[in-house]
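Please arrange chain B on chain A, whose structure you already have, making use of the hints.
Number of protein chains: 2
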Amino acid sequence: MIRYPNGNIFNSSLTPQKTTIKNEVNYGSRGMTLEYVINLANEYYLNTNTAVIHKKPTPINIVNVAYPNRAAAKITEAYFSKASTTDYNGIYQGYYLDFDAKETKNKTALPLSNFHQHQIDHLNAILQQGGIGFILVRFIIQDEIYVYPANQLITFWQAQFNGGRKSIPYDNIKRIGYRVSYGINPTVPYLSAVKNLITATNK
Amino acid sequence: MIRYPNGNIFNSSLTPQKTTIKNEVNYGSRGMTLEYVINLANEYYLNTNTAVIHKKPTPINIVNVAYPNRAAAKITEAYFSKASTTDYNGIYQGYYLDFDAKETKNKTALPLSNFHQHQIDHLNAILQQGGIGFILVRFIIQDEIYVYPANQLITFWQAQFNGGRKSIPYDNIKRIGYRVSYGINPTVPYLSAVKNLITATNK
Numbered sequence: 002m003i004r005y006p007n008g009n010i011f012n013s014s015l016t017p018q019k020t021t022i023k024n025e026v027n028y029g030s031r032g033m034t035l036e037y038v039i040n041l042a043n044e045y046y047l048n049t050n051t052a053v054i055h056k057k058p059t060p061i062n063i064v065n066v067a068y069p070n071r072a073a074a075k076i077t078e079a080y081f082s083k084a085s086t087t088d089y090n091g092i093y094q095g096y097y098l099d100f101d102a103k104e105t106k107n108k109t110a111l112p113l114s115n116f117h118q119h120q121i122d123h124l125n126a127i128l129q130q131g132g133i134g135f136i137l138v139r140f141i142i143q144d145e146i147y148v149y150p151a152n153q154l155i156t157f158w159q160a161q162f163n164g165g166r167k168s169i170p171y172d173n174i175k176r177i178g179y180r181v182s183y184g185i186n187p188t189v190p191y192l193s194a195v196k197n198l199i200t201a202t203n204k
Numbered sequence: 002m003i004r005y006p007n008g009n010i011f012n013s014s015l016t017p018q019k020t021t022i023k024n025e026v027n028y029g030s031r032g033m034t035l036e037y038v039i040n041l042a043n044e045y046y047l048n049t050n051t052a053v054i055h056k057k058p059t060p061i062n063i064v065n066v067a068y069p070n071r072a073a074a075k076i077t078e079a080y081f082s083k084a085s086t087t088d089y090n091g092i093y094q095g096y097y098l099d100f101d102a103k104e105t106k107n108k109t110a111l112p113l114s115n116f117h118q119h120q121i122d123h124l125n126a127i128l129q130q131g132g133i134g135f136i137l138v139r140f141i142i143q144d145e146i147y148v149y150p151a152n153q154l155i156t157f158w159q160a161q162f163n164g165g166r167k168s169i170p171y172d173n174i175k176r177i178g179y180r181v182s183y184g185i186n187p188t189v190p191y192l193s194a195v196k197n198l199i200t201a202t203n204k
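Chains A and B are the protein sequences, given in the same order.
Following the numbering used here, the numbering of the first sequence begins with 2 at its first residue and continues without gaps.
Following the numbering used here, the numbering of the second sequence begins with 2 at its first residue and continues without gaps.
Okay, chain A solo, but in the shape it has when bound:
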């Protein structure tokens, strides 16, 4: 199993790593990584013609490639590079969706250190184009997942530079976000919560 320096599991696209990730799965929703259950949900949504949402491949800077005879090109030196956008985007009934997924072991707040300026700028640009931008946040200790609107995230992000707090309180996410209930198939039917966000956005 391959991990990033931050401990996340590497998954360049949905299908090829499935067997690798399966080793991670315990029984029930606890023990599953957020990325894994989102990928499962996306697969379900794709197969049922509900939505087309994919995780973007991880951006990598390639330094060296070898071309062994009669074999596929082999990358022999490369480094992980920082993403300039969010991890997920796609389309749901005509709506452009764009989001990132974050897990935290912090019980009372989601630290803003989970985000980069680039991602905030990206989500802001998406909102300006009429897209549906949000984050999927999982509080690991409570085992609760929320769809939290990007405009709220942006407000907290900007406030931190004017003496505001460096995190979004759990209570705020619980109050303003849309709770994702666990299901059987998919395990994390997050589009039900996104639907509520879309309805609220269009009001």
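I should point out that these hints are in silico values taken from the structure, not numbers from a laboratory.
Certain hints may be false.
No copy labels: a pair is met if it fits in one copy or bridges any two.
Straight-line distance between alpha carbons at most 30 angstroms, and here's what the computed DSS-like set of lysine-lysine pairs gives [unchecked claim]: (1) Lys-106 x Lys-75; (2) Lys-103 x Lys-75; (3) Lys-108 x Lys-204; (4) Lys-167 x Lys-106; (5) Lys-175 x Lys-204.
Below, chain B without anything else, positioned relative to chain A:
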């Protein structure tokens, strides 16, 4: 400079490889790769708040990663994997856009061998969700670029399995597609042609 086995230049994301690709650029539009000019256009569209469109990073299967002391994680063995979607997607004034870019030295037709079943399925799913799917085709000899609707591509793709031809005629692309005129900034203002496609789609 790093090349794929098919001769294309590797570009995991827009910014980091810019200097690498610049070596490719001659004067005028001839000599620029299609990918390069699309990236320039996307940068322009982003900076002018016109649209948010990105090329997805190239999907890679990572086999081995080394963690040298005090240094960034170094990927020491990885392979290029086949993309299950198209290369570009994003949002333009509320519309979800999804497309691939293809160049051909063939003067009379675009060979269907430029596409994979996965990409066709993906474009089909996008159309079903109400997205704007298309391909950007450049005929290198004529030095002409067209926005060609995904539903037309899908029709030709399916027909080939029922004895149809293995390529889309240049004449058909010229007649049904939307020509992209060259400009100064951006060099390839393809959204003007996409706008016409959107208008026709909504009629």
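Numbers of unmet hints, in rising order: 3
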